[in-house]
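For the record, the sequence lines run as chains R and F.
Each step along the first sequence adds one to the number in the working numbering, with nothing skipped, and position 77 is 93.
Each step along the second sequence adds one to the number in the working numbering, with nothing skipped, and position 28 is 43.
It is possible that part of the hints are untrue.
What the hints assert, rightly or not - Keeping only pairs whose Cα atoms sit at most 20 Å apart, straight-line, the calculated PhoX-like set for lysine-lysine is:
#: 1; chain 1: F; residue 1: Lys113; chain 2: F; residue 2: Lys85
#: 2; chain 1: F; residue 1: Lys85; chain 2: R; residue 2: Lys52
#: 3; chain 1: R; residue 1: Lys54; chain 2: F; residue 2: Lys113
#: 4; chain 1: F; residue 1: Lys113; chain 2: R; residue 2: Lys57
FYI, nobody ran anything at the bench for these hints, they're computed from the structure.
Here are the chains, one letter per residue:
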Amino acid sequence: DTEVTQTPKHLVMGMTNKKSLKCEQHMGHRAMYWYKQKAKKPPELMFVYSYEKLSINESVPSRFSPECPNSSLLNLHLHALQPEDSALYLCASSHLTGDNYEQYFGPGTRLTVT
Amino acid sequence: TQLLEQSPQFLSIQEGENLTVYCNSSSVFSSLQWYRQEPGEGPVLLVTVVTGGEVKKLKRLTFQFGDARKDSSLHITAAQPGDTGLYLCAGNAGNNRKLIWGLGTSLAVNP
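Isolated chain R, as found in the complex (with noise of 0.2 Å):
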């Protein structure tokens, strides 16, 4: 099974709103990622987490903020956004071993900040 579900797949919110993007993997990585994407982009790197622990961060404004509850589970919550930050937010997963750098992609969540 190499699914990553995401929910939810539309979001709309408002800038004074707090809200949170989920999404699960049970392949088991022990990697997981959130990414941004603007239309016909590639895909942005926002944060990545190891073996539960935030490995990188991509200098993500603090309105954004992730959490990993377990090795299967990635939370992205969001706090005062702004109208830019409006996109499709992307969750994946990997292998942290060996030379596998395949990365896995849930099917996103487009946010809407109004």
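Mind docking chain F on chain R? Use the hints.
Quick look at chain F alone, frame taken from chain R:
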């Protein structure tokens, strides 16, 4: 700065035509992945190439990794409307799990 230059950026062809997409870099990659993405969906992994000179085939798609592991190509034979999408190459040049992405090729195959 490590870059992965992908070309062409846009491609619109008729059903049945052949096409090739290129990813080039001055950096050596330990592995390179090709993804296909449809609008509003996540990228789907098509193939991973790891050995210089490697050729992999997936039905009508042929992927090649350059001998020096600095470049790769994707060739589609007899394109079909179902091949329409954004094709992305992504490579790993280190061991920190960060992928370096090409800018993507937006392919439209017209019936």
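Compare the structure with the hints numbered earlier in the document and write down the numbers of the violated ones, lowest to highest.
2
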